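Colleague: Listed below, chain by chain, are the residues.
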Amino acid sequence: MEVINIQGTDDTPNVILDKSKGKFELSGRSLPEDVNLFYQAILDWIDGYAEDPNEKTEFDFKLEYFNTASSKIILDILLKFEEIVESGKKVKIIWHYHEEEEDMLEAGEEYADIVEIPFEYVPYSD
Amino acid sequence: MEKTIDSHSFLDFAYQLYQTMKTNEISLVYEGEVTQEITKTFTSLTEKNLAKNEESNAVQRKVFNVMVECLQNISKHADSMIDEEGEERRGIVMVSKGEESYNIITGNVIKNDKVEGLTRNLEQVNSLDKKGLSDLYKTQMREGKFSDKGGAGLGLIDIAKKTGAELRYQFKELNDQVSFFILTSTIKRK
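Each protein sequence line maps, in turn, to chains H and U.
Under my numbering, the residues of the first sequence are numbered 811 to 936, in order.
Under my numbering, the residues of the second sequence are numbered 816 to 1005, in order.
Heads up, some of the hints might be wrong.
[Stated by the list, open to error] With a straight-line Cα cutoff of 30 angstroms, these simulated DSS-like cross-link-like pairs (lysine-lysine) come out:
no., chain 1, residue 1, chain 2, residue 2
1, H, K900, U, K863
2, H, K899, H, K866
3, H, K872, U, K977
4, U, K953, H, K902
5, H, K833, H, K890
6, U, K1005, U, K953
7, U, K953, H, K872
8, U, K891, H, K902
9, H, K890, U, K891
10, H, K899, H, K833
11, U, K946, H, K890
12, U, K945, H, K890
13, H, K902, U, K867
14, H, K899, U, K1005
15, U, K837, H, K900
16, H, K890, H, K900
17, U, K946, U, K912
18, U, K837, H, K872
19, U, K837, U, K946
20, H, K890, H, K902
21, U, K1005, U, K855
22, H, K902, U, K1003
23, H, K900, U, K867
24, H, K890, U, K867
25, U, K1005, U, K926
26, U, K863, H, K872
27, H, K890, H, K829
28, U, K1003, H, K831
29, H, K833, U, K891
30, U, K953, H, K890
31, H, K872, U, K987
32, H, K831, H, K900
33, U, K953, H, K866
34, H, K872, U, K929
35, H, K872, U, K891
Source of the hints: derived by calculation from the structure; they are not laboratory data.
Nothing here was measured: the structure is a model prediction, and the numbers come from that model.
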């Protein structure tokens, strides 16, 4: 499968989607005005991945900040991985948050309430 | 006849504005079109200001967060004084810093027929506690569809969640078509 490797900017995140290396990562900032424009390719890639996923997927979310429009797209991404879980494969979300950022931890917990995927919360410091 | 401001009264005005800003500790004011570029510029300026003032990371992040949502609300929802399509989305944005809190004040024109719906949303958000806001946010993320403008109806809920304070708002009717909507978000400095 094609590898997606997008370098982050002031308002868009770093994205790595690499099936053969088993690396899945969304990090940095996500506050594009038009979230669909930015995320469509990523959602399409995940649809393709879901057709033949790895036995085990660990997806790292290490977001510093995301706007509310992005929060909805992140849920869409997670729902796609939930389907992969339902198909019998293992998926784990590794939710990184800055140790001083309770809001970011809570955001992860809210997603974990909605989707049936195991979450692991990992604090980091500067 | 063209309207001109003679330089003397302009100087007076500039000085008065300066004084008012000083007195109210207003650190940033912007009036004009709100685009993504303006949002980025504004938030990065504010970030630098906050870092210089050695504000805690959590407070910096909250101010940044609330600014982005307020500005993107304007760029998605502001209406124009004149009724035409494809008009620019303008607004006013102010950031003031007090002893105990930061205030982010935004103002924009909205059509009168939207006032009732917006008031209902604001009142609903204000009636909820932390848990209620979180539940509403989750429901809205799941069920809310993106509007044609790309909004998901999450901005106000998010501001209330992040600030832990009531959303203060006011509508001032300008004519039978439009009103001016002012939203004040307060972030405590602990």
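Colleague: With reference to the structure, classify each hint as holding or not holding.
Modeller: These are the hints, each one checked on the structure:
{"no.": "1", "hint": "H:K900 / U:K863", "result": "violated, 43 angstroms"}
{"no.": "2", "hint": "H:K899 / H:K866", "result": "holds, 6 angstroms"}
{"no.": "3", "hint": "H:K872 / U:K977", "result": "holds, 19 angstroms"}
{"no.": "4", "hint": "U:K953 / H:K902", "result": "holds, 20 angstroms"}
{"no.": "5", "hint": "H:K833 / H:K890", "result": "holds, 17 angstroms"}
{"no.": "6", "hint": "U:K1005 / U:K953", "result": "holds, 27 angstroms"}
{"no.": "7", "hint": "U:K953 / H:K872", "result": "holds, 20 angstroms"}
{"no.": "8", "hint": "U:K891 / H:K902", "result": "violated, 35 angstroms"}
{"no.": "9", "hint": "H:K890 / U:K891", "result": "holds, 28 angstroms"}
{"no.": "10", "hint": "H:K899 / H:K833", "result": "holds, 16 angstroms"}
{"no.": "11", "hint": "U:K946 / H:K890", "result": "holds, 26 angstroms"}
{"no.": "12", "hint": "U:K945 / H:K890", "result": "holds, 28 angstroms"}
{"no.": "13", "hint": "H:K902 / U:K867", "result": "violated, 39 angstroms"}
{"no.": "14", "hint": "H:K899 / U:K1005", "result": "violated, 45 angstroms"}
{"no.": "15", "hint": "U:K837 / H:K900", "result": "violated, 58 angstroms"}
{"no.": "16", "hint": "H:K890 / H:K900", "result": "holds, 13 angstroms"}
{"no.": "17", "hint": "U:K946 / U:K912", "result": "holds, 28 angstroms"}
{"no.": "18", "hint": "U:K837 / H:K872", "result": "violated, 39 angstroms"}
{"no.": "19", "hint": "U:K837 / U:K946", "result": "violated, 38 angstroms"}
{"no.": "20", "hint": "H:K890 / H:K902", "result": "holds, 13 angstroms"}
{"no.": "21", "hint": "U:K1005 / U:K855", "result": "holds, 26 angstroms"}
{"no.": "22", "hint": "H:K902 / U:K1003", "result": "violated, 36 angstroms"}
{"no.": "23", "hint": "H:K900 / U:K867", "result": "violated, 46 angstroms"}
{"no.": "24", "hint": "H:K890 / U:K867", "result": "violated, 42 angstroms"}
{"no.": "25", "hint": "U:K1005 / U:K926", "result": "violated, 37 angstroms"}
{"no.": "26", "hint": "U:K863 / H:K872", "result": "holds, 22 angstroms"}
{"no.": "27", "hint": "H:K890 / H:K829", "result": "holds, 15 angstroms"}
{"no.": "28", "hint": "U:K1003 / H:K831", "result": "violated, 44 angstroms"}
{"no.": "29", "hint": "H:K833 / U:K891", "result": "violated, 35 angstroms"}
{"no.": "30", "hint": "U:K953 / H:K890", "result": "holds, 17 angstroms"}
{"no.": "31", "hint": "H:K872 / U:K987", "result": "violated, 42 angstroms"}
{"no.": "32", "hint": "H:K831 / H:K900", "result": "holds, 16 angstroms"}
{"no.": "33", "hint": "U:K953 / H:K866", "result": "holds, 27 angstroms"}
{"no.": "34", "hint": "H:K872 / U:K929", "result": "violated, 37 angstroms"}
{"no.": "35", "hint": "H:K872 / U:K891", "result": "holds, 27 angstroms"}
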